Amino acid sequence: MTDSIVKTIDINAPVDRVWNALVDHEKFGAWFRVALDQPFEVGKLSTGHMTYPGYEDYSWEARVLAMEPMARFAFEWPATGGDKDLMDSGVPVPEWTLVEFVLEPMEGGTRLTVTESGFDKVPEPRRTNVMRDNEGGWAEQVGNIRDYVAG
Amino acid sequence: MSPAEQSDPARLFAALGDQTRLGFIVQLADGRRRSIAQIGEDLPISRQAVAKHLNVLRRAGLVQRTRSGREVHFVLRREAIEEARLWLAKVDAQWDATLARLKIFVEDSP
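Which chain is which? The protein sequence lines are G and Y, in order.
Quick note: the first sequence uses my numbering, first residue 325, plus one each step.
Quick note: the second sequence uses my numbering, first residue 22, plus one each step.
The set of hints was computed from the structure by calculation and includes no laboratory data.
Accuracy of the hints is not assured; some may be wrong.
[To be verified] 20 Å max Cα-Cα, derived SDA-like pairs, lysine to any residue:
hint, chain 1, residue 1, chain 2, residue 2
1, Y, K111, G, T437
2, Y, K111, Y, R86
3, Y, K111, G, I329
4, G, K331, Y, E128
5, G, K351, Y, I125
6, G, K368, G, R396
7, G, K351, Y, Q115
8, Y, K111, G, M411
9, G, K351, Y, E128
10, G, K368, G, A337
11, G, K351, Y, D117
12, G, K351, G, V423
13, G, K331, Y, K111
14, Y, K111, G, I333
15, G, K331, Y, K73
16, Y, K111, G, W384
17, Y, K111, G, K351
18, G, K331, Y, D113
19, G, K351, G, R341
20, G, K331, G, L422
21, G, K331, G, E428
22, G, K351, G, T437
23, G, K331, Y, I125
24, Y, K73, Y, D63
25, G, K368, G, W384
26, Y, K73, Y, V96
27, G, K351, G, A337
28, Y, K111, G, W420
29, Y, K111, G, R357
30, G, K351, G, S383
31, Y, K73, Y, R98
32, G, K351, G, G372
This structure is a prediction, so every number in the text was calculated from the model and none was measured.
Next comes chain Y alone, as it looks inside the complex (with noise of 0.2 Å):
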């Protein structure tokens, strides 16, 4: 995973925008490792469907790949998570800075 991948917010909230994926996520909120058979479990999707997810979210950071033996497991990268909640507080505390200056510049002009 590069940085860049890492830091792409679009990429991020894309990933996060889709129930299924957002299952998983919960899911692995637990901090655990799950294999791909586990995570599908109980789902009525396929496993390649469940791999073709986890790879999305895989390339936007959210979550990492490990191999044990055979066995392919997925977890959650928290900080991924924090990422995301840390960009779009960014994202609002620029706006309450324009909108600062918004009002001084209407409220200033004659």
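The following block holds chain G by itself, in its conformation from the complex (with noise of 0.2 Å):
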């Protein structure tokens, strides 16, 4: 268990055609397969619903943090995990994952890497500082607890 998922997909098509398809709201639509209601804009809010059979009245929200052209392209959505009871409530999911779309040109097309992370945020302001400084610490005690879980 991380706190963080990252996937690698190699795509047989020239950069731009991938940026275009992330970046471009109806075609980001079309395979994400969600309704968007307006043009993704940096600092603004994504709103729509989703087209997945099944989750059509699924909303969907999220933030634009970032569109670097040909590059980078992200943005934060809340951490609902899917409790469609908490997103249709109106009560603010304090937590957002950020989702982050990274483009490389590599040889025949694009690496596309997508990176979600915050899944260990804490809301909580008052953090103890109480072992702290044992460097690498989560990741290490997430895989004591994984290697307990597994075991």
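Reassemble the complex: the two chains are provided individually, in unrelated frames, and hints are given to aid placement.
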């Protein structure tokens, strides 16, 4: 178990085509299966609803953080965990995760890396510093938990 | 503990995202019950601080509180850790499927 998910995929198309499929909100919607209400704009909220079969009544919400042409597209979205009651409650979800698409040209196409991070975000402003200087502590301890669970 | 609290991954990961609380989880990972005093042993924090952290873990469904006589004990809920792992695995698989659709979309478009 880690606090982020990293995915890499090689696409047999030039970077500009991949970039376009990411930041054009209608194209994004086609493969992500979401109907977006407006184009993506840095600093702005993106709203819409899912079109994925069986999830049409799920809403989409994200905040665009970065659009660096041909290189990086980033947004954050609430970590609802697919909890529809929570989404529909109107109660703001304090934890948002960060989604980043990074594009690199490669021979014959584009390497796309997606990272979703922030699953370990702590909403509490007060955090104790005890054991903080234990470097790599988080990763190590999660490793311990994983070993325990797997064992 | 309500079912909603158990199944809320945001709460669960927030609870895990603290070194002190992770330390408690690792300490409780042997499955044994411990008192607040035992859990706080060797830590330069107050009993109240320990209790507060344990309460965060309890609300996230990560530990369970039991009472025997006057003594309160805490024990790890292994299944909660497993829930977190399964949920991450689900998110992981969803990204696989989503990116496969992107690949097809880009490669098949004129």
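Which hint numbers does the structure go against, in order from smallest to largest? Result: hints 2, 10, 15, 17 break, sorted rising.
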